[in-house]
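J.: Single-letter residue listing:
There are 4 protein chains.
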Amino acid sequence: MEAQPQKLLRPNVSALDKILGLPLKLLDDGFIRVVDYMGDDSAIVQAARVSYGKGTKKVHDDRGLIRYLMRHRHTTPFEMCELKLHVRIPMDAWRQYIRHRTASVNEYSTRYSMAIDATQKTAPVKWRHQAQGNRQGSAGLIDPAIGRELSQKEVALHEYARAVYQERLAAGVAREQARKDLPLSTYTEAYWKIDLHNLLHFLALRMDIHAQEEIRAYATAIGEQIVARWVPMTWEAFQDYRLGSLQLSRIEMEIISAIGQSNIPSALKLAEAAGWLVAGPKGLKKNRERQEMETKLEQLNLQIPWTK
Amino acid sequence: MEAQPQKLLRPNVSALDKILGLPLKLLDDGFIRVVDYMGDDSAIVQAARVSYGKGTKKVHDDRGLIRYLMRHRHTTPFEMCELKLHVRIPMDAWRQYIRHRTASVNEYSTRYSMAIDATQKTAPVKWRHQAQGNRQGSAGLIDPAIGRELSQKEVALHEYARAVYQERLAAGVAREQARKDLPLSTYTEAYWKIDLHNLLHFLALRMDIHAQEEIRAYATAIGEQIVARWVPMTWEAFQDYRLGSLQLSRIEMEIISAIGQSNIPSALKLAEAAGWLVAGPKGLKKNRERQEMETKLEQLNLQIPWTK
Amino acid sequence: MEAQPQKLLRPNVSALDKILGLPLKLLDDGFIRVVDYMGDDSAIVQAARVSYGKGTKKVHDDRGLIRYLMRHRHTTPFEMCELKLHVRIPMDAWRQYIRHRTASVNEYSTRYSMAIDATQKTAPVKWRHQAQGNRQGSAGLIDPAIGRELSQKEVALHEYARAVYQERLAAGVAREQARKDLPLSTYTEAYWKIDLHNLLHFLALRMDIHAQEEIRAYATAIGEQIVARWVPMTWEAFQDYRLGSLQLSRIEMEIISAIGQSNIPSALKLAEAAGWLVAGPKGLKKNRERQEMETKLEQLNLQIPWTK
Amino acid sequence: MEAQPQKLLRPNVSALDKILGLPLKLLDDGFIRVVDYMGDDSAIVQAARVSYGKGTKKVHDDRGLIRYLMRHRHTTPFEMCELKLHVRIPMDAWRQYIRHRTASVNEYSTRYSMAIDATQKTAPVKWRHQAQGNRQGSAGLIDPAIGRELSQKEVALHEYARAVYQERLAAGVAREQARKDLPLSTYTEAYWKIDLHNLLHFLALRMDIHAQEEIRAYATAIGEQIVARWVPMTWEAFQDYRLGSLQLSRIEMEIISAIGQSNIPSALKLAEAAGWLVAGPKGLKKNRERQEMETKLEQLNLQIPWTK
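Protein chains in written order, with numbering that gives the first Met the number 0: chain R, 0 to 307; chain D, 0 to 307; chain P, 0 to 307; chain B, 0 to 307.
Everything labelled a hint here was simulated from the structure, so no lab data went into it.
Note that the structure is predicted; figures quoted are calculated from it, not measured.
Please note that a few of the clues may not be correct.
To be verified - In silico DSS-like links for lysine-lysine, alpha-carbon gap of 25 Å or less: (1) P:K6 / R:K152; (2) D:K17 / P:K6; (3) R:K6 / B:K17; (4) R:K281 / R:K295; (5) B:K295 / B:K285; (6) P:K24 / P:K125; (7) P:K24 / P:K6; (8) B:K295 / R:K24; (9) D:K120 / B:K268; (10) P:K24 / D:K6; (11) D:K24 / D:K125; (12) D:K295 / R:K268; (13) D:K295 / D:K284; (14) B:K152 / P:K295; (15) B:K268 / B:K284; (16) R:K295 / D:K295; (17) D:K6 / P:K17; (18) R:K268 / R:K285; (19) R:K24 / R:K6; (20) B:K17 / D:K152; (21) B:K120 / B:K152; (22) R:K6 / B:K281; (23) R:K295 / D:K281; (24) D:K295 / D:K285; (25) D:K152 / B:K285; (26) P:K152 / P:K125; (27) B:K6 / B:K24; (28) B:K6 / R:K17; (29) P:K268 / P:K284; (30) D:K6 / D:K24; (31) D:K281 / D:K295; (32) B:K285 / B:K268; (33) B:K268 / B:K281; (34) R:K120 / P:K152; (35) B:K295 / P:K295; (36) P:K17 / D:K24; (37) P:K24 / P:K120; (38) R:K152 / P:K268; (39) P:K268 / B:K284; (40) B:K295 / B:K281.
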């Protein structure tokens with residue numbers, strides 16, 4: 000296939016080498032730092048060309064091929080790159096982080112060593128309100144006057160919990176048991192290694208506006224400060240075709256298609272059939288899928304058929 | 000969380016039980032049959048409700064919740080169902096099948112036993128032309144007169160290859176070595192077990208029009224004859240939100256948004272900036288991404304800004 | 000391969016059906032209960048026979064085949080069975096549990112709902128000493144008089160932490176943020192689904208004497224009360240060939256081989272070459288690998304060459 | 000944990016850099032060459048130390064820690080290293096290779112490009128006899144006179160199959176369909192990337208004497224020529240604790256323990272209870288597990304209690 004396999008040099012990315020090992024600070028006492036990496040944009044291209052054979056070269060340059068692969072959700076070429084991070088993160092955020100099963104992980108052991116003496120602290124101006132529409136989110140900030148009190152009590156709780164932990168250790172209690180009441184805000188550290196395909200999946204979920212602010216901070220730092228340096232063509236394509244993309248369902252497509260023909264009655268009939276236009280006491284009854292489509296129509300500057 | 004965990008009965012799906020073990024015939028000598036399954040639509044709902052807690056019940060009925068999960072690409076609740084198939088398939092198609100790494104597999108061993116004495120045969124009217132636009136596809140059928148000749152030679156090759164195989168075995172050659180020149184069209188069999196989330200991913204890729212006809216036949220049978228019976232709500236949601244969906248890139252969204260405002264100059268400027276409107280000797284130069292968008296605009300009945 | 004695929008009934012295991020849904024109580028407020036399962040001992044045999052073809056029947060009955068597969072560490076046939084549990088467990092133990100990446104999980108969300116109002120409490124007689132030899136374990140119990148005090152303070156900490164949590168919620172803080180200082184002892188719940196091969200791997204690690212007592216309780220309940228009922232032949236084989244097995248390294252084999260020939264000088268030379276017999280101020284210098292071998296030699300009633 | 004994270008240099012292994020890209024020839028026309036790698040012996044140690052904390056340094060030097068991790072089957076630290084190979088291999092061996100699901104793969108596509116024009120050819124002196132005891136293996140070589148004839152017919156079959164393939168392409172048949180009767184001996188190529196833990200598992204299975212000769216050649220080259228250069232301490236530990244190790248079952252341990260006490264009646268009673276000593280017409284009836292133990296006793300120079 001390749002006429003003559005030849006001596007290779009390992010690909011290296013000097014923009015990333017410059018920050019290798021340097022911590023990107025996160026939250027009040029967390030960080031992420033790159034420990035090692037394998038591959039670069041050209042490694043993705045190289046692997047894809049094995050599949051597609053010689054013909055590919057003519058059709059696509061490197062950037063074009065990467066964009067094509069991303070647009071059509073090809074996955075295996077992106078698995079050919081690998082990133083290893085050293086992460087310092089509160090256990091609460093780590094509980095979300097670790098749910099991504101495709102990574103390799105070595106975490107600091109509080110059975111083997113004393114727990115890290117640091118907890119994530121919330122500044123008085125950083126307490127967030129429970130969102131109403133979205134049961135699992137936050138919206139807006141708590142009055143700093145109240146926040147001040149919450150923050151004081153937080154510190155007191157951290158100190159109390161630490162004192163209990165120390166007391167247990169002093170009494171000879173095993174570390175594996177003494178730790179049982181540490182607050183979830185306690186920092187942990189880990190080596191975390193993942194391939195680029197699975198990393199992008201992690202970023203798509205965790206950079207999303209619906210992700211919790213704390214893990215979003217980690218994901219955003221990984222995306223904007225690490226991946227952007229490491230594989231710039233892939234990062235550009237990811238932003239164009241994944242982060243900034245919009246998915247239309249079959250029903251949404253049909254409705255837009257009717258709008259495209261200026262056939263509003265047909266659009267209404269489709270929405271009706273989907274059960275979106277049930278009348279309530281004050282206007283249309285709440286319907287989540289309809290509301291989702293309204294947001295999309297606004298993004299596309301298209302008319303919402305059921306509003307005047 | 001659940002007030003009192005209670006005695007359970009295993010969920011069973013009588014529509015699927017009816018075909019349990021019965022082969023669905025495929026190609027000339029292949030089949031798929033359901034050997035076992037775990038879970039049903041309500042098992043997906045049950046697992047999702049563990050995550051979302053009691054509140055969910057009010058907001059969604061079962062169908063609504065499944066549709067919500069599918070629309071927002073939730074994955075873990077769909078992993079709670081599992082399907083086990085017995086598959087008989089030519090090795091050539093199996094080479095594609097096995098690339099899905101998330102399944103559990105036990106394949107018939109031609110080291111241990113004699114190779115199955117069956118090869119996939121192509122009828123004279125079933126030889127397909129190489130596609131021109133799509134380097135990896137077929138398009139249209141070969142003249143049956145030529146097909147007849149191709150089919151005759153195919154049978155001759157199968158017989159010859161089998162004779163060589165038999166001769167080797169008769170000479171005492173080890174099965175693991177004798178098999179080395181069997182044609183890829185030789186049938187193999189396997190038990191194949193996969194969870195519903197990963198199965199749907201397999202179906203999205205392999206029911207696609209770009210998948211090779213042979214594996215598409217298997218995927219379509221699994222989808223339409225098995226999944227549709229097994230988890231009908233999930234199957235409906237999958238068709239609405241995955242199979243029939245359309246992905247718009249950031250650039251495409253911006254262009255549609257300009258079209259929505261009837262701002263054609265702005266739409267053209269965006270396409271221009273994306274490098275889509277390079278003039279060639281006869282009209283616009285071929286650009287794959289522009290062509291992809293043209294297809295989408297046609298589906299949506301929206302005007303293509305760069306054609307009159 | 001199989002002469003004629005035929006209508007099937009789903010395998011069911013009445014011994015397991017009897018406890019389906021019923022909680023097996025663990026720790027002070029945890030439980031495990033079987034929600035569903037797929038397959039049984041004969042499903043393992045069925046899948047293995049696909050690989051090995053017809054010949055297998057003659058050589059092995061079902062039990063013999065399962066034992067053969069387990070002894071030789073075959074894995075794929077055991078993947079053909081699947082178990083789904085509902086688990087209630089302290090977050091601290093869950094942190095270990097979740098490290099097994101091959102399971103499917105839906106966990107109770109404390110973003111979406113209020114945290115479960117239960118924490119694992121330690122009885123005065125259950126506080127464990129830090130082990131000396133093994134840095135990550137416990138050894139022996141703390142004096143109950145001290146334990147009483149530790150338990151009182153534990154309750155006080157739990158109440159305090161819960162009060163802070165409630166106060167935050169009352170002040171309108173988002174659940175996703177309010178939870179950040181819950182103690183690790185807080186109970187969580189999850190649906191957890193895993194195939195039998197990966198479950199046995201989990202059990203081998205977590206039923207081990209070196210596993211932490213809390214997770215060992217869960218693993219032991221799964222093994223002895225669930226797996227033993229579900230796939231009794233596999234469970235028997237697992238005990239004989241995995242749990243109760245002993246691994247000898249190349250060096251250990253060579254030394255035992257010398258012992259077998261009553262060639263003690265040769266055994267000593269081998270241990271010497273491995274660096275095990277370095278003299279210290281009082282007898283041999285501590286060497287972990289040598290100590291491991293001494294334990295094995297004692298188990299096997301073989302003479303330790305370097306002690307008189 | 001680490002007092003101050005600091006600027007890092009990527010680890011590199013000059014012994015491996017020397018052969019980067021250079022093909023190691025295999026079979027008649029195959030090869031393996033290293034395309035890239037991540038990590039080295041010290042990266043394993045680095046990740047393990049994150050888990051174990053500062054204390055580890057004192058107890059173990061790097062080699063000691065790696066040997067400890069291997070001996071106790073720790074897995075995650077070995078996942079921190081990654082290897083990427085370019086492999087050229089007959090499809091028949093690739094069918095076994097690809098069963099290892101934990102690797103990332105990009106394979107040459109015979110839908111997209113013409114199949115590689117090379118098939119694995121067997122020299123007259125390389126035809127292997129079917130093994131008798133082991134249904135899935137080979138044993139000894141076929142008479143070269145017969146081998147000569149087999150090799151001639153093999154070449155004829157390859158040529159014939161290729162002619163049919165060419166004829167189809169000439170008739171305009173799609174590549175995806177034309178390939179269906181290529182012999183399994185046809186070479187394919189792939190990029191194959193895997194972490195060190197999973198690679199060692201692959202090597203343990205495929206360097207084993209029971210693995211088929213062809214794939215064993217690939218595994219042995221990867222082990223002895225690549226892994227040995229890349230992570231020499233890990234390779235040494237792997238040979239001592241995995242490749243060269245011996246597993247004793249519970250029953251075998253009990254019998255050896257009786258032998259250790261020179262209590263032959265007790266050893267016989269245990270073997271009897273295990274069903275190993277059933278009398279047949281000529282001596283003991285064949286029993287696979289007993290035979291396995293006899294082999295182990297011979298390796299250990301221990302007496303077989305049931306032979307005189």
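J.: Each hint needs a verdict: does it hold in this structure or not?
T.: How the hints compare with the structure:
{"no.": "1", "hint": "P:K6 / R:K152", "result": "66 Å, violated"}
{"no.": "2", "hint": "D:K17 / P:K6", "result": "9 Å, holds"}
{"no.": "3", "hint": "R:K6 / B:K17", "result": "8 Å, holds"}
{"no.": "4", "hint": "R:K281 / R:K295", "result": "23 Å, holds"}
{"no.": "5", "hint": "B:K295 / B:K285", "result": "17 Å, holds"}
{"no.": "6", "hint": "P:K24 / P:K125", "result": "17 Å, holds"}
{"no.": "7", "hint": "P:K24 / P:K6", "result": "40 Å, violated"}
{"no.": "8", "hint": "B:K295 / R:K24", "result": "57 Å, violated"}
{"no.": "9", "hint": "D:K120 / B:K268", "result": "59 Å, violated"}
{"no.": "10", "hint": "P:K24 / D:K6", "result": "14 Å, holds"}
{"no.": "11", "hint": "D:K24 / D:K125", "result": "17 Å, holds"}
{"no.": "12", "hint": "D:K295 / R:K268", "result": "22 Å, holds"}
{"no.": "13", "hint": "D:K295 / D:K284", "result": "19 Å, holds"}
{"no.": "14", "hint": "B:K152 / P:K295", "result": "56 Å, violated"}
{"no.": "15", "hint": "B:K268 / B:K284", "result": "17 Å, holds"}
{"no.": "16", "hint": "R:K295 / D:K295", "result": "16 Å, holds"}
{"no.": "17", "hint": "D:K6 / P:K17", "result": "8 Å, holds"}
{"no.": "18", "hint": "R:K268 / R:K285", "result": "18 Å, holds"}
{"no.": "19", "hint": "R:K24 / R:K6", "result": "39 Å, violated"}
{"no.": "20", "hint": "B:K17 / D:K152", "result": "49 Å, violated"}
{"no.": "21", "hint": "B:K120 / B:K152", "result": "11 Å, holds"}
{"no.": "22", "hint": "R:K6 / B:K281", "result": "62 Å, violated"}
{"no.": "23", "hint": "R:K295 / D:K281", "result": "37 Å, violated"}
{"no.": "24", "hint": "D:K295 / D:K285", "result": "17 Å, holds"}
{"no.": "25", "hint": "D:K152 / B:K285", "result": "49 Å, violated"}
{"no.": "26", "hint": "P:K152 / P:K125", "result": "14 Å, holds"}
{"no.": "27", "hint": "B:K6 / B:K24", "result": "40 Å, violated"}
{"no.": "28", "hint": "B:K6 / R:K17", "result": "8 Å, holds"}
{"no.": "29", "hint": "P:K268 / P:K284", "result": "17 Å, holds"}
{"no.": "30", "hint": "D:K6 / D:K24", "result": "40 Å, violated"}
{"no.": "31", "hint": "D:K281 / D:K295", "result": "23 Å, holds"}
{"no.": "32", "hint": "B:K285 / B:K268", "result": "18 Å, holds"}
{"no.": "33", "hint": "B:K268 / B:K281", "result": "21 Å, holds"}
{"no.": "34", "hint": "R:K120 / P:K152", "result": "23 Å, holds"}
{"no.": "35", "hint": "B:K295 / P:K295", "result": "16 Å, holds"}
{"no.": "36", "hint": "P:K17 / D:K24", "result": "38 Å, violated"}
{"no.": "37", "hint": "P:K24 / P:K120", "result": "15 Å, holds"}
{"no.": "38", "hint": "R:K152 / P:K268", "result": "65 Å, violated"}
{"no.": "39", "hint": "P:K268 / B:K284", "result": "40 Å, violated"}
{"no.": "40", "hint": "B:K295 / B:K281", "result": "23 Å, holds"}
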